[in-house]
Amino acid sequence: MTIFKFALLRNLRSPVSYLAGLMVPVVLIFSMTSVWTNAPVMGMANLVMLMLLSSNLLVALVLEDRIDGSIMKIMISPVSMVHYVFQNLLAAIIPFVIQIALLGIMGYLHYNWAIQFTIGAVVALFICGVTTAAFSFCWNMFFKSKSSSRYAFLFVMALILLLSGVLVPIEALPGLLQHAGAILHPYWFIRAVITLAEYGMTAQFWLYNTIVLLIGTGFLLLGGKAN
Amino acid sequence: MKFSPQTAFMIFSTAGLSLLFIDWLQTIDTMGFFLLLILGLMCLMRYRVKHIIIYKTIFADLLMVLVFFFSGGASTAQLAIGFVLFQGMYFGFFLLAVLPIVLVVFMDALSIVFIATAAAVGLVLHFWNKEHASRLQQRDYYSNKIYEMELMHTNLTHVLAKVEHMSILAERSRISADIHDNAGHEIVASYISLQTVGKIMDKNPEKALELFDKSLARLNVGIGKMRDAVHNLSAVTFMGVDSMGDICRNFTKVPVKFQSTGDMSGITVNIWHVLESLLKESLTNAVKHANPTYINVELDVTNHLIRLQIQNDGVTKKEPSVGSGLRNLRYRVVTVGGNLSIDKTDVYKLVCVIPNRKGSL
Chain X
4 MTIFKFALLR NLRSPVSYLA GLMVPVVLIF SMTSVWTNAP VMGMANLVML MLLSSNLLVA
64 LVLEDRIDGS IMKIMISPVS MVHYVFQNLL AAIIPFVIQI ALLGIMGYLH YNWAIQFTIG
124 AVVALFICGV TTAAFSFCWN MFFKSKSSSR YAFLFVMALI LLLSGVLVPI EALPGLLQHA
184 GAILHPYWFI RAVITLAEYG MTAQFWLYNT IVLLIGTGFL LLGGKAN
Chain V
3 MKFSPQTAFM IFSTAGLSLL FIDWLQTIDT MGFFLLLILG LMCLMRYRVK HIIIYKTIFA
63 DLLMVLVFFF SGGASTAQLA IGFVLFQGMY FGFFLLAVLP IVLVVFMDAL SIVFIATAAA
123 VGLVLHFWNK EHASRLQQRD YYSNKIYEME LMHTNLTHVL AKVEHMSILA ERSRISADIH
183 DNAGHEIVAS YISLQTVGKI MDKNPEKALE LFDKSLARLN VGIGKMRDAV HNLSAVTFMG
243 VDSMGDICRN FTKVPVKFQS TGDMSGITVN IWHVLESLLK ESLTNAVKHA NPTYINVELD
303 VTNHLIRLQI QNDGVTKKEP SVGSGLRNLR YRVVTVGGNL SIDKTDVYKL VCVIPNRKGS
363 L
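For the record, the sequence lines run as chains X and V. Counted from 1, the first sequence has number 149 at position 146 by this note's numbering; the numbering is strictly sequential. Counted from 1, the second sequence has number 280 at position 278 by this note's numbering; the numbering is strictly sequential.
Hints in this document: simulated from the structure, not taken from any laboratory. Every value quoted in this text rests on a predicted model; they were computed, and no experiment measured them. The C-beta atom is built at its ideal place from N, Cα and C for all residues, glycine as well. Please note that the accuracy of each hint is not assured.
[As the list claims (entries may be wrong)] Just some of the chain X residues that point at chain V, by a computed CB distance under 7 Å:
no., residue
1, His-182
2, Ala-185
3, Leu-210
4, Leu-217
5, Gly-221
6, Leu-224
Whenever a hint applies, use it, and build me the whole structure from the sequences.
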């Protein structure tokens, strides 16, 4: 777990990452009472938006390792690539786990969520968080500069959020674009939480979550091949 | 990036998946996308994981597609069969070709055309990939051969340089021993006698004169031995161009005219050895096979090239047959970086060109 501890400490040393990845979501969880009570789906969509933004900052450490050559030094030691990636991603999703757990507790105790909805929301958010980290990992593997990766990510993130129905409902988009975001996980996450809110933890809800998880696996495979 | 069968396969796979996604956009059914996702993941696994057993992933693809096809659970299943067939054909699972024949009754004409096209493209890419791999293997084989030859050339050059150096040391040692053992003793003895002559000259002039005569005689013997040592150095063997001239002069069966031009000082011992062997083999071959009336040997040395031309007017065979002697010599010429060519147009002409690496050894 040395790599995990090292990655976690490096994340903690970067205040921006933790501000975006933990502090802002926690403030949102505590402050947006009416949203969490009346339209929790919208709140969760906002949370995913923040996850996307902060995951890029948190996972960018892998890119840093690659740029400054640390990865070569790490690979000389008896550590496999899978082990290295897994522990870095684990460190990156720690803020997500904290905020999701906090939201679950707050939702159940303070925002009057049903137990089934609370568990479903926590599961869906956790799966989405893991896939988001995998997506950021995959994204960073295609870049050789941290700044270019970040700026391109900001542009693509806006596009993803638009096409996935996070910013506006997909029904508001032109015909062709309504389902173009299906190749990205936020699209299926939104569908999953809408299904959860309307019908509970049905088979369809689990299918959507499975799709999110499979997309995450795809990102890991693709990112792993890139470098 | 070089356009290889693998690149083409990746492009076609991506295009196939995009086509399936566009087809899925017509229906937007979740199971259809799930199937698409599974196919894409299997593709990525084949691309990403090196030691994955390909037939297992293809089989998983096929099973998934057939389940969705017969259960009617996914709208994209028909076209997905084409995608699986494309992948299967590319990886050499030709038995999958029977699948569209079996399923023809369940599908519409457009899907059959799509599936057949996909399978054909996969098949073409498979054979292209096979040919590409074979070409790469061939290239590796020749590269390896060239590498081995260069290695042999380097080793041979180094060994010859060492042999040359050791020969010089041995010869020096022989000269030193000859002078020390033979001439040296006589000269030193004469020197001591002459010193004695100087000391007794006043007291006993007769004895001194007798000793002086003996010293002169010993000195004469010493000079004679030194002459013999020097004689042994130069007269025993001819070297280099003298040796080649000697070979030509001593060849009595046909008149051989030998001409040499240029500075021969930079030619190394190993190259002289090759040239001499070539000359001997050519002279023997000429008498054995061509029955010539004359043989001309020309050796031209420039700053960059050593050119040996051996020409005779004997009967020339038009068919290109090279005996084992010349074949070995050609190999030796190549190992010193040269080239050997034979021209039989009017007269028999053998030309050997070797780079002059003056001072490189």
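Right, here's what the structure says about each hint:
Evaluation of the His-182 (chain X) hint against chain V yields a held restraint, the C-beta minimum of about 5 Å falling below 7 Å. Taking 7 Å as the C-beta contact cut-off toward chain V, the hint placing Ala-185 (chain X) at the interface holds, the least distance being around 6 Å. Restraint check, Leu-210 (chain X) versus chain V: the minimum CB separation of about 6 Å is within 7 Å; hint holds. With its C-beta approaching chain V no nearer than about 5 Å, Leu-217 (chain X) sits inside the 7 Å limit, and its interface hint holds.
Residue-level restraint check for Gly-221 (chain X) holds (minimum Cβ-Cβ distance to chain V is 5 Å; threshold 7 Å). A cut of 7 Å between beta carbons decides the hint on Leu-224 (chain X): the least distance to chain V is about 4 Å, and the hint holds.
When held up to the earlier numbered hints, the structure conflicts with none and fits them all.
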